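Let's have the full structure, built from the sequences with the hints guiding it.
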Amino acid sequence: MRVLIIGSGTMGAGIAQWLSQNNVTTFLYDINHELLQKSYKEIHDSWDKLVQKKKFTEKDLGIFKNNLNKSEQLEIPNIDLIIECVIEDLNIKKDIFKNLLTFYTGNEIFASNTSSLSISELSLAFPKERRKNFLGIHFFNPAPIMKLVEVIESPYTDAKITEKIVNWFKERGKKTALCKDTPGFIVNRIARNFYGESLKILKRDNMSEVENIDTILKDCASLKMGPFKLLDLIGIDTNLKVSETVWKDLYYPDRLRPTSLQRKMVESNKLGIKSKSGFYDYNNEY
Amino acid sequence: MIIITNTDHPLKKFFPELKQITINEINNIKINDDVLDLTLLPTECKKHYIHDIKKQGAKKIYLESSINALFNFPDVAGYHSMGFWSPSSTYETYNMNFSLPKEIKTKNHSTQPDFFYYPRVLSTIINEAYFYLEEGLGKKEDIDTAMKYGLNFPLGPIEWSKKIGLKYICYLLDELFTMTRDSRYGASLELRKNL
Numbered sequence: 001m002r003v004l005i006i007g008s009g010t011m012g013a014g015i016a017q018w019l020s021q022n023n024v025t026t027f028l029y030d031i032n033h034e035l036l037q038k039s040y041k042e043i044h045d046s047w048d049k050l051v052q053k054k055k056f057t058e059k060d061l062g063i064f065k066n067n068l069n070k071s072e073q074l075e076i077p078n079i080d081l082i083i084e085c086v087i088e089d090l091n092i093k094k095d096i097f098k099n100l101l102t103f104y105t106g107n108e109i110f111a112s113n114t115s116s117l118s119i120s121e122l123s124l125a126f127p128k129e130r131r132k133n134f135l136g137i138h139f140f141n142p143a144p145i146m147k148l149v150e151v152i153e154s155p156y157t158d159a160k161i162t163e164k165i166v167n168w169f170k171e172r173g174k175k176t177a178l179c180k181d182t183p184g185f186i187v188n189r190i191a192r193n194f195y196g197e198s199l200k201i202l203k204r205d206n207m208s209e210v211e212n213i214d215t216i217l218k219d220c221a222s223l224k225m226g227p228f229k230l231l232d233l234i235g236i237d238t239n240l241k242v243s244e245t246v247w248k249d250l251y252y253p254d255r256l257r258p259t260s261l262q263r264k265m266v267e268s269n270k271l272g273i274k275s276k277s278g279f280y281d282y283n284n285e286y
Numbered sequence: 001m002i003i004i005t006n007t008d009h010p011l012k013k014f015f016p017e018l019k020q021i022t023i024n025e026i027n028n029i030k031i032n033d034d035v036l037d038l039t040l041l042p043t044e045c046k047k048h049y050i051h052d053i054k055k056q057g058a059k060k061i062y063l064e065s066s067i068n069a070l071f072n073f074p075d076v077a078g079y080h081s082m083g084f085w086s087p088s089s090t091y092e093t094y095n096m097n098f099s100l101p102k103e104i105k106t107k108n109h110s111t112q113p114d115f116f117y118y119p120r121v122l123s124t125i126i127n128e129a130y131f132y133l134e135e136g137l138g139k140k141e142d143i144d145t146a147m148k149y150g151l152n153f154p155l156g157p158i159e160w161s162k163k164i165g166l167k168y169i170c171y172l173l174d175e176l177f178t179m180t181r182d183s184r185y186g187a188s189l190e191l192r193k194n195l
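Those protein sequences? They're chains A and B, same order as listed.
Note that my numbering numbers the first sequence so that position 136 is 136, with each residue one more than the last.
Note that my numbering numbers the second sequence so that position 32 is 32, with each residue one more than the last.
Don't take each hint at face value.
Said to hold, decoys possible - In silico SDA-like pairs for lysine to any residue, Cα to Cα no more than 25 Å straight-line:
{"id": "1", "chain 1": "A", "residue 1": "K203", "chain 2": "B", "residue 2": "L70"}
{"id": "2", "chain 1": "B", "residue 1": "K54", "chain 2": "B", "residue 2": "F15"}
{"id": "3", "chain 1": "A", "residue 1": "K224", "chain 2": "B", "residue 2": "H109"}
{"id": "4", "chain 1": "B", "residue 1": "K12", "chain 2": "A", "residue 2": "S222"}
{"id": "5", "chain 1": "A", "residue 1": "K224", "chain 2": "B", "residue 2": "S110"}
Honestly, the hints are just simulated from the structure, not real lab data.
On a predicted model such as this, the values are computed, not experimentally measured, just so you know.
Shown next, in the form of structure tokens:
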């Protein structure tokens, strides 16, 4: 398969890197040529470091670099799969797909790496006869390391296309989880109360309990990180946005209601590592 | 000290030196000793049970409270969550003033929590997984795969629920609802159907 990635931000670059490492001829495109060049270089730099750490050999590196192509053009011959990885804006994404359809008029498979938008609604960017070839493929950050790929069907997606994509990723070492189009897909929905219930336990007059909750959940549940450390890492604002979107799009079920504590953290610019202060303080670390 | 269980409790084996009885035997035996409780019971049943073992001479009671609000049992010596399966055999305790075997790792609370944290948080995660199934959005295997590889959980929520026991998750959610009247704790139909 020859794959075109649209958008060379963190996710697009990560997906392109992973594909190239898995013997896939990959084309990375970005409308911003400076960002494209920067991302392309960062991928190469990452590979150089991985060779120094002996994760890969020089021979591997040669193959990876040969597989990865940066492109300032959208139209590329013999593309089989196009994955869109631009900002989370429904209209921008739809416009990109409409534009791509002018070049790609055959049996190409189109996918969106969206984490929050409706795959069903995005599919409406395609004429009826082409919607069967569109689905969601949601990677996790960092894409070269995280094994999970959520594969999301719209009501129009051809089951054979889904099966093809699922098998293709499995053959390349990814763990696939298939789901219907629903807010948050699987992980972002089911994980909500890992954060939400932990926030319910935490009372605003006892913020010293943060570390205790983190330690208990980490150790009793055998996790790498407790909920508050993870919130600080993801970004308390980013996490709140996902929580609010999932809650709203599921028509406000009580069990997924976000907490005012989290909103107050965001209003106070306590966003986690990115603002050097969240549930923990990072002023001495960064 | 005597151990009382209502199941073939997996942690019993770490206390070979202690007398072990089941909940069905308590009315036939004079206890006259401290009790390490390993029963998992809904709160009202637990209150009757505490009354019964005190009648039989139970002295200090170290109560299994993973599916109960701890404040419902003010007259016990200490609390623990050893009935609620943990993948790392690590359990929460409060006021357990005796040494547990080294195979059992504990996390002690310095102040009494309303509910133990791990059972409470995990039950709400598992409940959401069952809501997801109830809505016909995907398969159990895909949910488990997603949570293991997307959030680095040691098990998926469906597998996890089977290790703990669905009825205990449901008891805890019902207790949380009873105590808070917050409908966020309503157990999904799919969870109840599979009890």
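K12 (chain B) and S222 (chain A) were given as a pair; does the straight-line alpha-carbon distance stay at or below 25 Å? Since the Cα atoms of K12 (chain B) and S222 (chain A) sit roughly 22 Å apart, the hinted pair holds (cutoff 25 Å).
Hinted pair, alpha-carbon criterion (25 Å max): K203 (chain A), L70 (chain B). Please report holds or violated. holds (18 Å)
K54 (chain B) and F15 (chain B) were given as a pair; does the straight-line alpha-carbon distance stay at or below 25 Å? Given that 25 Å is the threshold and the Cα spacing comes to 22 Å, the pair holds.
Is the straight-line distance between the alpha-carbon of K224 (chain A) and that of H109 (chain B) 25 Å or less? holds (21 Å)
Do the alpha carbons of K224 (chain A) and S110 (chain B) lie within 25 Å of each other, as the hint requires? Roughly 24 Å between the alpha carbons, so the hint for K224 (chain A) and S110 (chain B) holds.
Violated hints: none; the structure is consistent with every hint.
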